[in-house]
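K.L.:
Chain residues, written in single-letter form:
There are 2 protein chains.
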Amino acid sequence: MKPTHIEHIGIAVKSLEQAIPFYENVLGLKCYSVEEVKEQKVKTAFFKVGQTKIELLESTDPEGPIGKFIEKKGEGLHHMAFAVENLEECLKETENNGVRVIDKTPRDGAEGLKIGFLHPKSTFGVLTEFCEKNK
Amino acid sequence: MKPTHIEHIGIAVKSLEQAIPFYENVLGLKCYSVEEVKEQKVKTAFFKVGQTKIELLESTDPEGPIGKFIEKKGEGLHHMAFAVENLEECLKETENNGVRVIDKTPRDGAEGLKIGFLHPKSTFGVLTEFCEKNK
Chain G
0 MKPTHIEHIG IAVKSLEQAI PFYENVLGLK CYSVEEVKEQ KVKTAFFKVG QTKIELLEST
60 DPEGPIGKFI EKKGEGLHHM AFAVENLEEC LKETENNGVR VIDKTPRDGA EGLKIGFLHP
120 KSTFGVLTEF CEKNK
Chain E
0 MKPTHIEHIG IAVKSLEQAI PFYENVLGLK CYSVEEVKEQ KVKTAFFKVG QTKIELLEST
60 DPEGPIGKFI EKKGEGLHHM AFAVENLEEC LKETENNGVR VIDKTPRDGA EGLKIGFLHP
120 KSTFGVLTEF CEKNK
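Quick note, the sequences are listed as chains G and E, same order.
So that you can map any letter, position 11 of the first sequence is 10 in numbering that gives the first Met the number 0, and since no number is skipped, the others follow by simple counting.
So that you can map any letter, position 130 of the second sequence is 129 in numbering that gives the first Met the number 0, and since no number is skipped, the others follow by simple counting.
Be aware that a few hints might be false.
As the list claims (entries may be wrong) - Straight-line distance between alpha carbons at most 35 Å, and here's what the computed DSBU-like set of lysine-lysine pairs gives:
hint, chain 1, residue 1, chain 2, residue 2
1, G, K67, G, K29
2, G, K72, G, K91
3, G, K103, E, K37
4, G, K29, E, K71
5, E, K40, G, K67
6, E, K42, G, K1
7, G, K47, E, K103
8, E, K40, E, K103
9, G, K72, G, K103
10, G, K91, E, K91
11, E, K1, G, K103
12, G, K71, E, K120
13, E, K120, G, K91
14, E, K72, E, K47
15, E, K103, G, K42
16, G, K71, E, K67
17, G, K72, E, K42
18, G, K37, E, K1
19, E, K1, G, K1
20, G, K42, E, K71
21, E, K37, G, K72
22, G, K132, E, K47
23, G, K113, G, K29
24, G, K120, E, K113
25, G, K72, E, K67
26, E, K47, E, K1
27, E, K42, G, K13
28, E, K91, G, K1
29, G, K42, G, K113
30, G, K29, E, K29
31, G, K120, G, K47
32, G, K1, E, K40
33, E, K103, G, K1
34, E, K91, G, K120
35, E, K29, E, K71
36, G, K47, E, K13
37, G, K132, G, K37
38, E, K91, G, K72
39, G, K113, E, K1
40, E, K29, G, K71
Read the hints as simulated data drawn from the structure, not as lab findings.
With the hints as constraints, model all of the structure from the sequences given.
P.N.:
Following this line, the structure appears as structure tokens:
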């Protein structure tokens, strides 16, 4: 496996409405998309900086993964996603290396990507995602 | 201000010795530098993926910033650094926008960069750094 770049950084926030102006007006980035991902119980806002996207995540349900994360740890950095080629093989290879994977096979993510998560217990506390562009 | 890319992502780990093999053998990245930064009470290990570096941070003192972070939140994502041009102006502009900055003026960071941090209380929980290449 050889990731090509950081595809995105996921950040948990309490309110997109409050956080977006910081990224736009202070950091000078442009929010190019706001999207609700119902099955993940989040609303997302995307910005681009170089090769990497910043994905702000607001929980739509306190029992969802972002709601629970914020309750436990507060707002902040949530996950890191690598762009890879051949995601299916990457997930298998990672599992064969003894790493606990959340997704044994690719599933659909935001922005039409195929994605898979590794478990933070196996990755030194970092919720790690692999992403592949849909072919 | 217009950051050009994510310069690096800082990750707090308990042990470089344990974490480096995950990044090298599982993710396929290469550790190109291990450095002790005494004033920050850390040992760092650097990897490159696309435009971005991954900086693993091991505390050398439980009272240092990474030691305290791990005690409070556990291992995991610690900070996010944007590459900027004209760091001094960026820090002033950010402060003028009402954001609490940790460094009012640039200081020396790892790898010969000029750096400045913003306070996570002002940045929705994300310890945010600006970096500029030394001219």
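K.L.:
All hints, please: hold or fail.
P.N.:
Going through the hints against the structure:
1. Between the alpha carbons of K67 of chain G and K29 of chain G the distance comes to roughly 28 Å, so the proposed pair stays at or under 35 Å and holds.
2. Between K72 of chain G and K91 of chain G the CA atoms are separated by roughly 30 Å; this keeps the pair inside 35 Å, and the hint holds.
3. Of the pairs offered as hints, the one joining K103 of chain G and K37 of chain E is violated, with about 41 Å between alpha carbons and a cut-off of 35 Å exceeded.
4. At roughly 33 Å between alpha-carbon atoms, K29 of chain G and K71 of chain E fall within 35 Å of each other, so this suggested pair holds.
5. Under the criterion of a C-alpha separation no larger than 35 Å, the hint pairing K40 of chain E with K67 of chain G is consistent with the structure, at around 32 Å.
6. Distance check on the hinted pair: K42 of chain E and K1 of chain G sit about 25 Å apart at the alpha-carbon level, within 35 Å; holds.
7. Between K47 of chain G and K103 of chain E, the direct Cα distance comes to roughly 26 Å. Compliance with the 35 Å bound is thereby established for this hinted pair.
8. For the proposed pair K40 of chain E and K103 of chain E, the alpha carbon gap of about 22 Å is at most 35 Å, so the pair holds.
9. For the proposed pair K72 of chain G and K103 of chain G, the alpha carbon gap of about 27 Å is at most 35 Å, so the pair holds.
10. A distance of roughly 48 Å separates the Cα atoms of K91 of chain G and K91 of chain E; the hinted pair therefore is violated under the 35 Å criterion.
11. At roughly 38 Å between alpha-carbon atoms, K1 of chain E and K103 of chain G are farther apart than 35 Å, so this suggested pair is violated.
12. For the given pair, K71 of chain G sits about 17 Å from K120 of chain E by alpha-carbon distance, which is consistent with the 35 Å threshold.
13. With a CA separation close to 40 Å, the supplied pair K120 of chain E and K91 of chain G exceeds the 35 Å bound.
14. Distance restraint check for K72 of chain E and K47 of chain E: the Cα-Cα separation of roughly 26 Å lies within the 35 Å cut-off, and the hinted pair is therefore satisfied.
15. The straight-line distance between the Cα atoms of K103 of chain E and K42 of chain G is roughly 34 Å, inside the 35 Å bound, and the hint therefore holds.
16. For the suggested pair K71 of chain G and K67 of chain E, the alpha carbons sit about 17 Å apart, so the restraint of at most 35 Å is met.
17. A C-alpha spacing of about 25 Å is found between K72 of chain G and K42 of chain E, which places the hinted pair at or below 35 Å, so the restraint holds.
18. Restraint check: the Cα-Cα separation between K37 of chain G and K1 of chain E comes to about 32 Å, which is no more than 35 Å; the hinted pair holds.
19. In summary, the hint linking K1 of chain E to K1 of chain G is supported, as the alpha carbons are separated by about 29 Å, within the 35 Å threshold.
20. Of the supplied pair hints, the one linking K42 of chain G and K71 of chain E holds, its CA atoms being roughly 28 Å apart against a limit of 35 Å.
21. This hinted pair checks out: K37 of chain E and K72 of chain G have alpha carbons roughly 28 Å apart, not beyond 35 Å.
22. Pair hint K132 of chain G plus K47 of chain E holds up; C-alpha atoms about 21 Å apart against a cutoff of 35 Å.
23. As the CA atoms of K113 of chain G and K29 of chain G are separated by approximately 24 Å, the hinted pair is consistent with the 35 Å bound.
24. A hinted pair counts as satisfied when its Cα atoms are at most 35 Å apart, and K120 of chain G with K113 of chain E qualifies at roughly 34 Å.
25. In summary, the hint linking K72 of chain G to K67 of chain E is supported, as the alpha carbons are separated by about 14 Å, within the 35 Å threshold.
26. Between the alpha carbons of K47 of chain E and K1 of chain E the distance comes to roughly 22 Å, so the proposed pair stays at or under 35 Å and holds.
27. The straight-line distance between the Cα atoms of K42 of chain E and K13 of chain G is roughly 33 Å, inside the 35 Å bound, and the hint therefore holds.
28. For the given pair, K91 of chain E sits about 39 Å from K1 of chain G by alpha-carbon distance, which is inconsistent with the 35 Å threshold.
29. Restraint check: the Cα-Cα separation between K42 of chain G and K113 of chain G comes to about 19 Å, which is no more than 35 Å; the hinted pair holds.
30. Note on K29 of chain G and K29 of chain E: the hinted pairing holds, with a Cα-Cα distance of about 32 Å set against a maximum of 35 Å.
31. The straight-line distance between the Cα atoms of K120 of chain G and K47 of chain G is roughly 29 Å, inside the 35 Å bound, and the hint therefore holds.
32. Annotation: proposed proximity of K1 of chain G to K40 of chain E holds, straight-line Cα distance about 31 Å (limit 35 Å).
33. Distance restraint check for K103 of chain E and K1 of chain G: the Cα-Cα separation of roughly 38 Å exceeds the 35 Å cut-off, and the hinted pair is therefore not satisfied.
34. For the hint linking K91 of chain E to K120 of chain G, the alpha-carbon distance of about 40 Å lies beyond 35 Å, and the restraint is violated.
35. For the proposed pair K29 of chain E and K71 of chain E, the alpha carbon gap of about 30 Å is at most 35 Å, so the pair holds.
36. Taking the CA atoms of K47 of chain G and K13 of chain E, the gap is near 31 Å; set against the 35 Å cutoff, the hint holds.
37. In summary, the hint linking K132 of chain G to K37 of chain G is supported, as the alpha carbons are separated by about 21 Å, within the 35 Å threshold.
38. A threshold of 35 Å between alpha carbons decides the hint, and for K91 of chain E with K72 of chain G the separation of about 30 Å falls inside it, so the pair holds.
39. Restraint check: the Cα-Cα separation between K113 of chain G and K1 of chain E comes to about 30 Å, which is no more than 35 Å; the hinted pair holds.
40. A threshold of 35 Å between alpha carbons decides the hint, and for K29 of chain E with K71 of chain G the separation of about 33 Å falls inside it, so the pair holds.
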